[in-house]
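Visitor: Each chain, written out:
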Amino acid sequence: MSILTGEKAAPSVPLPADWRDLVALTKPRVMTLVVFTGLCGLLAAPGHISPVLAFTAVLCIALGAGGAGALNQWYEADRDAKMKRTANRPLPAGRMTRQGALHFGVGLSVFSVLLMGVATNWFAAAILAISILFYVLVYTIWLKPRTAQNIVIGGAAGAFPPLIGWAAVTGNVAALPIALFMLIFFWTPPHFWALALFVRMDYANADIPMLPVVAGETVTRRQILFYTSIMAVAALAPVLLRLTGVVYGVTALIATGIFAVMAIQVALSRETDPARMKPERRLFKYSVLYLFLLFGAVVVDHWVLTS
Amino acid sequence: MTPDEQRLIQARQRARSRVTGIILVALVVLFFAIALAKMMGG
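Those protein sequence lines, which keep their order, are chains H and U.
Just so you know, my numbering puts the end of the first sequence at 311, numbered straight through with nothing missing.
Just so you know, my numbering puts the end of the second sequence at 623, numbered straight through with nothing missing.
Watch out, some of these pointers could steer you wrong.
25 Å max Cα-Cα, derived SDA-like pairs, lysine to any residue [what the hints assert, rightly or not]:
no., chain 1, residue 1, chain 2, residue 2
1, H, Lys31, U, Lys619
2, U, Lys619, U, Val609
3, U, Lys619, H, Pro50
4, H, Lys148, H, Val217
5, H, Lys282, H, Val203
6, H, Lys88, H, Asp25
7, U, Lys619, H, Ala130
8, H, Lys86, H, Leu141
9, U, Lys619, H, Gly51
10, H, Lys88, H, Glu275
11, U, Lys619, H, Phe59
12, U, Lys619, H, Val39
13, U, Lys619, H, Thr174
Keep in mind the hints are simulated off the structure, nothing from the lab.
Could you build all of it, start to finish, from the sequences and the hints given here?
Guide: The following block contains the structure:
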């Protein structure tokens, strides 16, 4: 049976990884949101930065996220193999070696931090380094396999990009990027638990103590609603503290209202069949759009206020 | 190693070499642009 046809035949020698597998190792879909929130933090910051350096800063955020994603997949290869959603990733599918993934992840991470420091400033580089280390050491290695609160605390790792983007321009952090950090931090639990509800068996098979696996669906649904209410406060805080203007205020009010309605639908649902969990899937998809909308509004607001 | 595997390895090595070349050229251009931006006051 030919390996060229793509059929499952074990090669007699280890094959070099395809470059597309190296790209897949960086979790490009997750990177999209990271890059966007980092870019918005950069665009909303006061002051001027050369377009070349701004591009480099965003590139560094992307490369750092990619490196962290590769290290996450390196560490979780065995667990990924047990989950339908992740079984076809390059490592569990056997398309590249773990050592190759480790070298790629470390190289990409170190390069992104050094380039950020050289191109913008070392404060932004330090936050980037902290975010990578937090994602790999605190979230992936420490929290994820041990506690159902993994994504509550680990969510901080995904909340750093607006701080990094802002710091790349200003060399410091201020109230607005911290408010945006808090928004992503409290957005993460309802986002991930909505997903965890309809892929619960995947997590159970891989022995990952996600909340629906450990505490059950009813508790998870209540927790989604609880964290949505905190997220709503975090979403409205920038406008209440006058860090943003009307554009953000109106966007946040409407978008958060829709989010809350969807979260209530999830909280009230008693569906146990993952295939029929439409409100959960809807909330998961909408939560991604929600973050795009709010961060986009922050940038538009900044342009309106400064023009 | 079968001939199919040999062909696949060579194809992957060629593709990786091409991608590495493109990345290296892009990095040269990027570092040049960063140097210019820094010299002009960032």
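Visitor: Which numbered hints turn out to be false for this structure?
Guide: 1
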